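Participant: Based on the hints, put chain B in the right spot on chain A.
For the protein sequence lines, the chains are A and B, in the order given.
Under this note's numbering, the first residue of the first sequence is numbered 1, with each subsequent residue one higher.
Under this note's numbering, the first residue of the second sequence is numbered 1, with each subsequent residue one higher.
Below, a list of computed lysine-lysine pairs in the DSS-like style, where the Cα atoms sit at most 30 Å apart:
1. B/LYS43 to A/LYS66
2. B/LYS68 to A/LYS64
3. A/LYS79 to A/LYS156
4. B/LYS58 to B/LYS47
Cβ-Cβ distance ranges computed for the label pairs, FRET-style:
5. B/LYS74 to A/GLN62: 23 to 33 Å
6. B/ASP67 to A/ASP80: 35 to 45 Å
7. B/LYS58 to A/LEU100: 14 to 24 Å
8. A/VAL172 to B/ASP67: 28 to 38 Å
9. B/GLY48 to A/SER162: 41 to 51 Å
10. A/ASP80 to B/LYS74: 43 to 53 Å
Selected chain A positions facing chain B (Cβ under 8 Å, derived; list incomplete):
11. PHE59
12. SER60
13. GLN62
14. LYS64
15. SER90
16. LYS91
17. GLU93
18. ARG94
19. TYR97
20. LEU98
The hints are simulated quantities; they were obtained by calculation from the structure and are not laboratory data.
Note that the structure is predicted; figures quoted are calculated from it, not measured.
Glycine included, C-beta positions come from ideal geometry on N, C-alpha and C.
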Amino acid sequence: MRKILLMGHPNVGKSAIFNRLTGANIIESNYPGTTVDYTKGFLRLEDKSVEVVDVPGTFSLQPKDKAEEVAVSMLHNNKDSLVICVIDASKIERGLYLLLEIIEEGYPAILVLNMWDVAEDKNIQIDLDELERILGIPVVWTIAISGEGIKELVTKLKQAKSVMIDGILSRVEGRE
Amino acid sequence: MKKRLSELSCGESGFIIDIAEDIKQKIAGMGVRVGKELKVISKQPLKGPIVVMIDESKTSLSQKIADKIAVEIKE
Chain A
1 MRKILLMGHP
11 NVGKSAIFNR
21 LTGANIIESN
31 YPGTTVDYTK
41 GFLRLEDKSV
51 EVVDVPGTFS
61 LQPKDKAEEV
71 AVSMLHNNKD
81 SLVICVIDAS
91 KIERGLYLLL
101 EIIEEGYPAI
111 LVLNMWDVAE
121 DKNIQIDLDE
131 LERILGIPVV
141 WTIAISGEGI
151 KELVTKLKQA
161 KSVMIDGILS
171 RVEGRE
Chain B
1 MKKRLSELSC
11 GESGFIIDIA
21 EDIKQKIAGM
31 GVRVGKELKV
41 ISKQPLKGPI
51 VVMIDESKTS
61 LSQKIADKIA
71 VEIKE
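Next comes chain A alone, as it looks inside the complex (with noise of 0.2 Å):
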């Protein structure tokens, strides 16, 4: 299986999630070049053991700090590889847009609605079924301090897959 990245904002809970998936099999290392420190691990899944990266949080993938320069090499630099975009359920829309340039780049992709229970608290809804058709790709929620919902993200892996933009554009335009 290919490796993971997992990539979002910062503060959303990577590496909550990447803890949760990888349990105590860490390896942290220097980003050649800078001081940004990423954190890498293994997951296994189907008696296979899958890398997994916990890259630094990113806001777009037009950098504009350190941090921001290594996950975007980071995501560059790993063309073949699956990324998980964790997005605050509670504050979706921004996360969105960093997701929707994932997607564009032509990485195959799973949505992460960490945060969950705080959503639930600020009376967010989110209708998860009419995401995952407009967007195609598969999307969970999780509460990552918790662990809920992991075992659902790790059964929908597989599912990952790369998605052309126009068809989500003509799936929110109501054309599809």
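Facilitator: Okay, now just chain B, sitting in the frame of chain A:
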């Protein structure tokens, strides 16, 4: 009434009607886009950054950037 974001005072809100081309891409990822509603949460002294609330999330913008964002003030 149309104002620059840098001219808004604390507590004022409005809709973004224009963003200068050179910064559009830079701030789009943070959710700052034309059509969005925003509210000024705080302004820092000595030409410090302006903190705005957009879609449940706070973003701080420098004066330089705030100068290039046009806002239609909500009455």
